[in-house]
Amino acid sequence: MGRYVIRRLLQMIPVFIGSTFLIFFMVYALGDPVAALFGDKAPDPATAARIRKDLYLDEPLWKQYLHYMGQILTGDFGTAFNGQKVTELMASAFPVTLRLTIVALLFEIVVGIVLGVLSGLRRGRSLDTSVLLITLIVVSIPTFVSGYVLQFLIGVKWGVVTPAVSPYAPFGELILPGVVLALTSLAYVTRLTRTTIAENSRADYIRTAVAKGLPRHRLVTRHLLRNSLIPVVTFIGTDVGALMGGAIVTERIFNIHGVGYQLYQGILRQNSPTVVGFVTILVIVFLLANLLVDLLYAVLDPRIRYA
Amino acid sequence: MEHQRDQPVTLLDVRDLQVEFHTRDGVAKAVNGVNYCVDPGETLAVLGESGSGKSVTAQAIMGILDSPPGRITGGEVLFRGEDLLTMGAETRRRIRGAKMSMVFQDALSALNPVMSVGAQLAEMFEVHEGMTRKDSRAKAVQLMDRVRIPAAKDRVGDYPHQFSGGMRQRIMIAMALALEPDLVIADEPTTALDVTVQAQVMDLLAELQREYNMGLILITHDLGVVADVADKIAVMYAGRIVETAPVHDLYAAPAHPYTRGLLDSIPRLDQKGRQLYAIKGLPPDLTAIPPGCPFSPRCPRAQDICRTDRPPLFAVSHGRASACHFWKETLDER
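Protein chains in written order, with full-length UniProt numbering: chain U, 1 to 307; chain H, 1 to 334.
Don't read these hints as lab results, they were simulated from the structure.
Quick caveat, the model's predicted, so the values are computed rather than measured.
Each hint should be verified, as a subset may be incorrect.
Here are a few chain H residues that face chain U, going by a calculated C-beta distance under 10 Å [as the list claims (entries may be wrong)]:
| hint | residue |
| --- | --- |
| 1 | P40 |
| 2 | I64 |
| 3 | L78 |
| 4 | R80 |
| 5 | D83 |
| 6 | L85 |
| 7 | T86 |
| 8 | M87 |
| 9 | S116 |
| 10 | Q162 |
| 11 | F163 |
| 12 | G165 |
| 13 | A178 |
| 14 | D285 |
| 15 | T287 |
| 16 | A288 |
Positions of the beta carbon are idealized from the N, C-alpha and C atoms, including for glycine.
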């Protein structure tokens, strides 16, 4: 197992380099950051050249990349064009998004798995059919629709929660955004759990467990659930990465100053250091989440052997 | 055991059991009035080809029939005189695994792939006897020793896929015999195994049966296995018992043309080089079993009466019956 982890960590290096270079290339090569800095006005050529030199923008792209990576390794993510340090932006954005992710994930796991198990065990009955229908509808509705509708109904019309989240974004204010963020994945988790439960409940080892005279709750928790959750865990694990980075729409709807918001602002203002820095961190989060899934897989399913 | 009081009741008495399956193509009558009984220490072999209803009967007895689509439509399953079919679900669950248990065919799929074999064995003691985890683990090691798994102590934490086919089937047997049940149903316990391992596993099962004086129902389509271990045989065809007899009588002279066909289709060394006998045709579609004798379309002896009148089980001799209008002729053939 230890060797496997080390090998996987080493495998991450080329993926990390490849993906960050791609981002670096797209952000730096396809726009002119100096021009963006001056907005509508054309910069004085001498000043522009000086800024280019200061920011290593006159060097070839691969040198810029190496320089940037070198700085990242020392913890220096550079300065946004408005003078704020990117690390400062991260320090304020990531905890907020992390809280949002936790809310969404909890919702997704608890509600999704419970609904999935219940409908899987009652395959073909009315509960199962309605869960299938509702999840289908939920999957079909884009987040910006469900987000605005729920914000309007629950936040504005009924006034149950505050429609916009304050800058510090405590857990309490993040419940509604968390639910909105989780909705699609929640529907997937429900359906996935339902399918694997329904499939496994016909498996030979479940028949054996019945023949052993096990009580029903033990049958479901010890035998059925453990086997059925393997694909669900895989999905949830990869979803952690997606939730951390992909909350752009939800964060904008509820005015949450998290990672998605900062990324959005960075792209809008061609604020290259912000975009590249955030994406780099997200790449790492993705890689770690995937590693975690693989390790969890081995814990849940002993048939998976790592040499 | 506490059941040693002299009771006249048999261990298991199946009476007129009927099972149907509701399928897209209609109602398949899988079991149509099966009767058989097993005494303590006795081995009943239930013989028949795929789809003859032998496994479904066992599942109905065990209470593990997939329903839906399966449904028991009639009959009684008396276990020590009590009808399992009318019993409450919880009472029946307590009997399952503890008083009667089952050995399945393919141990690799019948054992839980993500639970260690030790945990799966120990579970029997935890659930039925309320033992602590530690005590039940020790019991699991003892059981693995008992079925002669080498280095049981080191292997108790291993998972099913880490064992060979023969060893897995030994674990299956250990699990079925964990609580020393009165009745064990073995559904083709050696079919999935190598021939060399088959004999070992069968010997083990027979040995443990003698030791615990259990009733054993051995479901198989392998006549070779039956001859060595069974006391009596019930041959099934299209959901019915067509012949039942003490094992030696049946091998000496079958009283039903179907049994005869089965015996003739065993490859024999002294007939090497000659074409192997095969019963012509296929078993009937269970959604439309023909009237009369269900075997008549394939029977070399069939007359008009076979196609119109369904033969009941005729008593041939003591402990022997055949569902053939011409059982006498069949018997005398040899």
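We went through each hint and held it up to the structure:
1. P40: Check failed: Cβ of P40 (chain H) comes no nearer than 20 Å to chain U, outside 10 Å.
2. I64: This interface hint holds because 5 Å falls under the 10 Å limit.
3. L78: violated, 19 Å
4. R80: Where the cut-off is 10 Å and the nearest Cβ of chain U is about 16 Å from R80 (chain H), the hint is violated.
5. D83: Interface hint status for D83 (chain H): violated (18 Å vs cutoff 10 Å).
6. L85: At 16 Å from the nearest chain U Cβ, L85 (chain H) fails the 10 Å test, so the hint is violated.
7. T86: violated, 18 Å
8. M87: violated, 13 Å
9. S116: holds, 8 Å
10. Q162: Cβ of Q162 (chain H) sits 8 Å from chain U, so the hint holds.
11. F163: violated, 12 Å
12. G165: violated, 15 Å
13. A178: Check passed: Cβ of A178 (chain H) comes within 9 Å of chain U, closer than 10 Å.
14. D285: Interface hint status for D285 (chain H): violated (24 Å vs cutoff 10 Å).
15. T287: violated, 22 Å
16. A288: violated, 27 Å
Hint compliance for this structure: hints 1, 3, 4, 5, 6, 7, 8, 11, 12, 14, 15 and 16 are broken, all remaining hints hold.
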